[in-house]
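Protein chains in written order, with my numbering: chain Y, 43 to 178; chain C, 43 to 178; chain X, 43 to 178; chain D, 43 to 178.
It should be emphasised that the hints constitute simulated quantities derived from the structure, not laboratory data. Errors might be hidden in some of the hints.
Unchecked claim - Taking lysine-lysine pairs in the DSSO-like style, the calculated list, with each CA pair at most 30 angstroms apart, reads: (1) Y:Lys97 / C:Lys64; (2) D:Lys97 / D:Lys139; (3) D:Lys139 / D:Lys64; (4) D:Lys97 / X:Lys64; (5) D:Lys139 / X:Lys139; (6) D:Lys139 / X:Lys64; (7) Y:Lys64 / C:Lys97; (8) X:Lys97 / X:Lys139; (9) D:Lys64 / X:Lys97; (10) D:Lys64 / X:Lys139; (11) X:Lys139 / X:Lys64; (12) D:Lys64 / C:Lys97; (13) Y:Lys97 / X:Lys97.
There are 4 protein chains.
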Amino acid sequence: MTHELSILDAHPLGSGPIDRSKLVECIQSCFDCAQTCAGCADVCLSEEAAAELTKCIHATLDCFDICAATGKILSRNGSINGDITRAVLQACRTACKTCAEECGPQGFTRRHCAVCAGACRRCEQTCNTLLASLAQ
Amino acid sequence: MTHELSILDAHPLGSGPIDRSKLVECIQSCFDCAQTCAGCADVCLSEEAAAELTKCIHATLDCFDICAATGKILSRNGSINGDITRAVLQACRTACKTCAEECGPQGFTRRHCAVCAGACRRCEQTCNTLLASLAQ
Amino acid sequence: MTHELSILDAHPLGSGPIDRSKLVECIQSCFDCAQTCAGCADVCLSEEAAAELTKCIHATLDCFDICAATGKILSRNGSINGDITRAVLQACRTACKTCAEECGPQGFTRRHCAVCAGACRRCEQTCNTLLASLAQ
Amino acid sequence: MTHELSILDAHPLGSGPIDRSKLVECIQSCFDCAQTCAGCADVCLSEEAAAELTKCIHATLDCFDICAATGKILSRNGSINGDITRAVLQACRTACKTCAEECGPQGFTRRHCAVCAGACRRCEQTCNTLLASLAQ
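Turn these sequences into a full structure, and let the hints steer you where they fit.
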């Protein structure tokens with residue numbers, strides 16, 4: 043995402059106490075996970091077995107919302123408010139973890155769920171990494 | 043919001059372990075707070091002193107995103123996933139608290155900030171109440 | 043929504059060429075419709091017949107997204123940009139109309155779909171009214 | 043965005059009458075534009091001249107909301123509803139065009155605005171291309 047990097051480079055305040063490369067990675071994985079969750083929910087809904095996948099669909103819908111909000115809040119680099127950033131990152135990693143746990147087992151027979159679980163795990167990890175760097 | 047109540051009443055699963063009236067109150071205060079934050083950010087941006095209000099504007103933009111995501115996730119009543127619900131409620135009350143602290147002092151001279159701080163405080167409180175009922 | 047009115051009353055620019063009461067009504071019906079759609083999608087997903095309701099669920103998910111974006115953009119009263127406002131209102135009324143057409147027939151046997159179709163029709167109408175007042 | 047492609051490849055219904063590569067390109071440019079707008083609004087807000095940039099900030103905030111909603115609706119590939127898809131793509135290209143026109147002139151002295159105008163122009167174009175392919 044060249045744009046995101048360019049935008050951050052152009053920021054007059056810099057990213058303050060935040061590690062810039064970890065921030066960019068986290069923003070990207072949030073939007074990537076959101077997109078994948080939206081797609082996964084849609085594919086699950088289109089399956090004949092949709093009724094069996096209810097918990098999985100609910101988790102991806104929730105995960106989408108939290109990831110999109112987190113990606114957006116983190117994109118407001120200059121606004122980094124310690125408390126809000128930390129709180130939303132914690133919510134995001136919980137949603138990603140839960141969604142990966144719901145989608146993962148479906149992934150043995152459904153490729154889209156395997157893809158989604160992978161995106162969730164990666165997003166969970168980048169949230170954790172950014173949280174750890176904030177705590178220092 | 044008659045609609046929201048009707049939708050919940052019509053739910054085949056009920057709201058499970060969640061206290062229905064606390065849930066409805068929290069959903070309403072989340073959307074109400076989101077709406078108020080969007081309006082407050084806009085009024086602040088339109089003031090000549092916009093540059094002085096940067097922290098306040100940032101907080102309202104962040105608070106909008108979290109409140110809207112929380113209101114939406116809670117509206118998916120059947121999907122109540124304990125972990126995700128708790129995580130997003132915690133993030134929401136933190137954002138509301140922070141936003142109220144930013145807007146509150148501006149409220150002495152700016153009515154829209156006073157209105158916004160009030161909506162944030164109410165939303166923070168309903169999140170806390172719902173969280174407490176979930177913990178039982 | 044006392045808050046929304048207070049925020050608009052406090053706006054230094056007023057709502058410009060826009061009819062204030064029509065604007066407030068439209069903002070409220072957008073957020074109300076969004077909330078109702080989120081609830082309806084959730085109830086449909088929780089039914090055993092979820093697979094038969096796929097088109098209905100998709101419409102409510104789409105309608106939610108457009109209504110929420112429209113409500114938010116309209117809440118930025120000071121920013122009223124004629125072209126963007128018009129474009130998003132047109133998209134919103136189309137989504138509401140489509141969603142009402144999907145949910146309406148289900149409403150004979152599903153109360154939540156009847157509630158949702160009603161909220162969509164009201165939102166479609168307030169979008170039309172606001173659009174007509176903008177065109178003058 | 044390998045994920046998005048994988049999700050679409052895994053879709054049981056395919057993308058129906060929609061050109062898959064144009065769809066993927068449009069989804070990506072919507073999320074990319076949303077992200078860039080969020081960043082641009084934040085940088086503008088952090089500048090001392092924030093009050094002069096009000097129109098630009100408003101346009102980027104609006105453009106973010108529409109692009110994010112459009113990217114999400116398009117990601118629900120199986121749900122492609124002709125009317126809603128067309129309506130939201132039309133709103134998106136209008137918002138991108140307007141935002142590019144606001145940010146473009148600032149781009150001579152502000153690199154972030156130049157980056158943002160570029161992302162908006164690309165998104166406007168992919169919306170147009172997808173709309174044209176839908177009309178066939």
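To see whether the hints hold, each was checked on the structure:
1. Y:Lys97 / C:Lys64: holds (23 angstroms)
2. D:Lys97 / D:Lys139: Satisfied, since the Cα-Cα distance of roughly 14 angstroms is no more than 30 angstroms.
3. D:Lys139 / D:Lys64: Holds. Lys139 of chain D to Lys64 of chain D sits at ~19 angstroms (cutoff 30 angstroms).
4. D:Lys97 / X:Lys64: It holds: about 23 angstroms lies between the C-alpha atoms, which stays within 30 angstroms.
5. D:Lys139 / X:Lys139: holds (26 angstroms)
6. D:Lys139 / X:Lys64: Given pair Lys139 of chain D, Lys64 of chain X holds - Cα atoms ~27 angstroms apart, limit 30 angstroms.
7. Y:Lys64 / C:Lys97: Within the cut-off at roughly 23 angstroms; holds.
8. X:Lys97 / X:Lys139: Answer holds: Lys97 of chain X to Lys139 of chain X is near 14 angstroms, not above 30 angstroms.
9. D:Lys64 / X:Lys97: holds (23 angstroms)
10. D:Lys64 / X:Lys139: holds (27 angstroms)
11. X:Lys139 / X:Lys64: holds (19 angstroms)
12. D:Lys64 / C:Lys97: violated (40 angstroms)
13. Y:Lys97 / X:Lys97: holds (19 angstroms)
Of the numbered hints given earlier, the model fails hint 12 alone.
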